[in-house]
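First to last, the protein sequences are chains A and B. The numbering of the first sequence is the working numbering, which starts it at 1 and goes up by one. The numbering of the second sequence is the working numbering, which starts it at 179 and goes up by one.
Simulated from the structure, these hints should not be mistaken for laboratory data. If you're wondering where the values come from, they're calculated on a predicted model, not measured in any experiment. Some hints could be false.
Here are a few chain A residues that sit away from chain B, every Cβ distance over 10 angstroms (derived from the structure) [stated by the list, open to error]: (1) Q41; (2) W42; (3) D57; (4) G63; (5) S102; (6) G146.
Some but not every residue of chain A turned toward chain B, in silico, with C-beta under 10 angstroms [said to hold, decoys possible]: (7) A49; (8) A51; (9) D52; (10) L141; (11) N145; (12) L157.
C-beta atoms are modelled at their ideal positions from N, C-alpha and C, and glycine is treated no differently.
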Amino acid sequence: MKIVIDLELSPRQKKIIRAAVVTGAVIGAMGIGLAVAAPHQWKASDPLAAADLNSLDVVSKNGKQISLGGTYCGKTGSTKGQISGAYSGAKSQCEGVLACGSSTTAHTCDAGELVRTAQLGIAIDQGWFSTGTGASTAPPLNDCNGWTDMTGSYDGLQWASGPGVYGCSLSAPILCCD
Amino acid sequence: MGIDIKIKIDLTPTQKRIMRGAVVGGVVIGALGLGLAVATPKQWKMNDPLAAADINSLGIVVKNGHPYSLRATYCGKTASTTGQVTVTNGYAGAKSQCEGVTTCGGGVGSPSAHMCTGDEILRSVQVGLTVDDGWYAAGNYANNGGNSIYDCKGWTSNSLSDDGSFWNSSQNRPAYDHCSSSDQILCCD
Numbered sequence: 001m002k003i004v005i006d007l008e009l010s011p012r013q014k015k016i017i018r019a020a021v022v023t024g025a026v027i028g029a030m031g032i033g034l035a036v037a038a039p040h041q042w043k044a045s046d047p048l049a050a051a052d053l054n055s056l057d058v059v060s061k062n063g064k065q066i067s068l069g070g071t072y073c074g075k076t077g078s079t080k081g082q083i084s085g086a087y088s089g090a091k092s093q094c095e096g097v098l099a100c101g102s103s104t105t106a107h108t109c110d111a112g113e114l115v116r117t118a119q120l121g122i123a124i125d126q127g128w129f130s131t132g133t134g135a136s137t138a139p140p141l142n143d144c145n146g147w148t149d150m151t152g153s154y155d156g157l158q159w160a161s162g163p164g165v166y167g168c169s170l171s172a173p174i175l176c177c178d
Numbered sequence: 179m180g181i182d183i184k185i186k187i188d189l190t191p192t193q194k195r196i197m198r199g200a201v202v203g204g205v206v207i208g209a210l211g212l213g214l215a216v217a218t219p220k221q222w223k224m225n226d227p228l229a230a231a232d233i234n235s236l237g238i239v240v241k242n243g244h245p246y247s248l249r250a251t252y253c254g255k256t257a258s259t260t261g262q263v264t265v266t267n268g269y270a271g272a273k274s275q276c277e278g279v280t281t282c283g284g285g286v287g288s289p290s291a292h293m294c295t296g297d298e299i300l301r302s303v304q305v306g307l308t309v310d311d312g313w314y315a316a317g318n319y320a321n322n323g324g325n326s327i328y329d330c331k332g333w334t335s336n337s338l339s340d341d342g343s344f345w346n347s348s349q350n351r352p353a354y355d356h357c358s359s360s361d362q363i364l365c366c367d
């Protein structure tokens with residue numbers, strides 16, 4: 001199979017295309033900066049693009065994306081309560097879960113998302129989830145000390161038909177929502 | 179200003195067969211992709227029409243054939259029940275009861291109504307709504323020095339030794355109650 005693409009450009013045309021590429025790169029960089037900085041603030045007569053609609057339920061911050069209104073979509077491999085990169089590391093693992101479509105907006109489930117999922121009648125596997133809250137159990141219950149503990153000095157929550165407390169030295173998958 | 183672009187593709191009979199197979203394969207993969215798109219939230223493309231129904235659905239999650247409202251606030255309560263809403267998956271059973279609460283849907287119930295969560299109750303009281311006494315889902319765990327407070331074991335327990343989250347209306351604060359007690363389920367939409 002032979003494919004030949006032959007572009008014949010004059011020196012002037014080459015200069016114009018070069019300028020267009022540079023200008024496009026600058027505008028693109030500015031656009032990315034704005035997208036990271038703040039949610040879209042709409043003004044009268046703004047055009048409504050498909051990308052605007054797709055981003056309504058997504059928070060984009062710090063170069064990462066996280067979906068709102070998530071439900072359970074899959075689980076990672078088993079891990080103790082010490083997760084490399086802690087909360088953000090757990091999200092990174094969820095982004096690689098095929099059952100979640102390897103979605104860049106996937107993340108560790110929180111309690112509200114699992115309650116929503118259960119009310120919708122969707123089966124949830126057993127695994128770790130984040131609450132962002134602490135309780136004075138013994139050992140202390142605090143997302144395995146922010147997903148940094150695997151010694152059993154702290155506890156975390158696993159979903160097992162409902163919330164249950166587990167020692168951080170135990171292994172279980174991370175539950176992912178999107 | 180003219181730009182000449184020439185594309186010439188020479189194919190042998192074998193290459194033509196391979197290309198034909200690739201096109202058929204692409205159609206199959208495309209159909210599978212369409213199936214996935216139906217199962218996940220709508221992804222907008224340029225020039226898609228925007229209908230009223232699309233706008234109305236922006237705050238609704240639809241999964242497993244059931245709608246579930248986001249941005250919800252307290253809308254009403256069910257009849258009283260122990261913490262054993264159903265024997266299995268009490269969460270789904272609670273949502274089912276909330277769907278029939280007439281104050282949640284202008285007198286006819288609402289398919290997107292569900293058992294309130296802690297954040298929804300906090301939202302409701304912060305905007306000045308009165309939230310009645312009743313069960314709500316925390317999805318969380320605590321211990322009151324003896325009993326476990328954990329949504330009455332996923333709203334499947336009516337045991338005196340299990341607890342669930344309970345909103346105390348007179349004091350406008352979270353509390354807990356034993357799962358053997360009969361309380362209303364608080365519903366949000």
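These are the hints, each one checked on the structure:
For Q41 (chain A), the condition that its CB be more than 10 angstroms from all CB atoms of chain B holds, with the nearest at approximately 18 angstroms. Non-interface call for W42 (chain A) relative to chain B: holds, since the shortest CB-CB distance, roughly 14 angstroms, exceeds 10 angstroms. Residue placement check: D57 (chain A) does not keep its beta carbon more than 10 angstroms from all beta carbons of chain B (closest about 7 angstroms). With a least CB separation of 21 angstroms from chain B, G63 (chain A) remains clear of the 10 angstroms interface cut-off, as annotated.
The claim that S102 (chain A) is not at the interface with chain B holds, since no C-beta of that chain comes within 10 angstroms of its own (minimum 12 angstroms). No Cβ of chain B comes within 10 angstroms of the Cβ of G146 (chain A); the nearest lies about 16 angstroms off, and the non-interface call holds. A hinted interface residue such as A49 (chain A) counts as satisfied when its beta carbon comes closer than 10 angstroms to some beta carbon of chain B; here the least separation is about 7 angstroms, so the hint holds. The criterion of a C-beta within 10 angstroms of any C-beta in chain B is met by A51 (chain A), whose closest approach is roughly 8 angstroms, and the hint holds.
At a threshold of 10 angstroms, the smallest CB-CB gap from D52 (chain A) to chain B is about 8 angstroms, leaving the interface hint in force. Given the 10 angstroms rule on beta carbons, the hint for L141 (chain A) holds: about 6 angstroms separates it from the nearest Cβ of chain B. With 10 angstroms as the threshold, the beta carbon of N145 (chain A) stays out of range of chain B, its nearest partner Cβ sitting at about 16 angstroms, so the hint is violated. With a least beta-carbon distance of about 6 angstroms to chain B, the hint placing L157 (chain A) at the interface is held under the 10 angstroms criterion.
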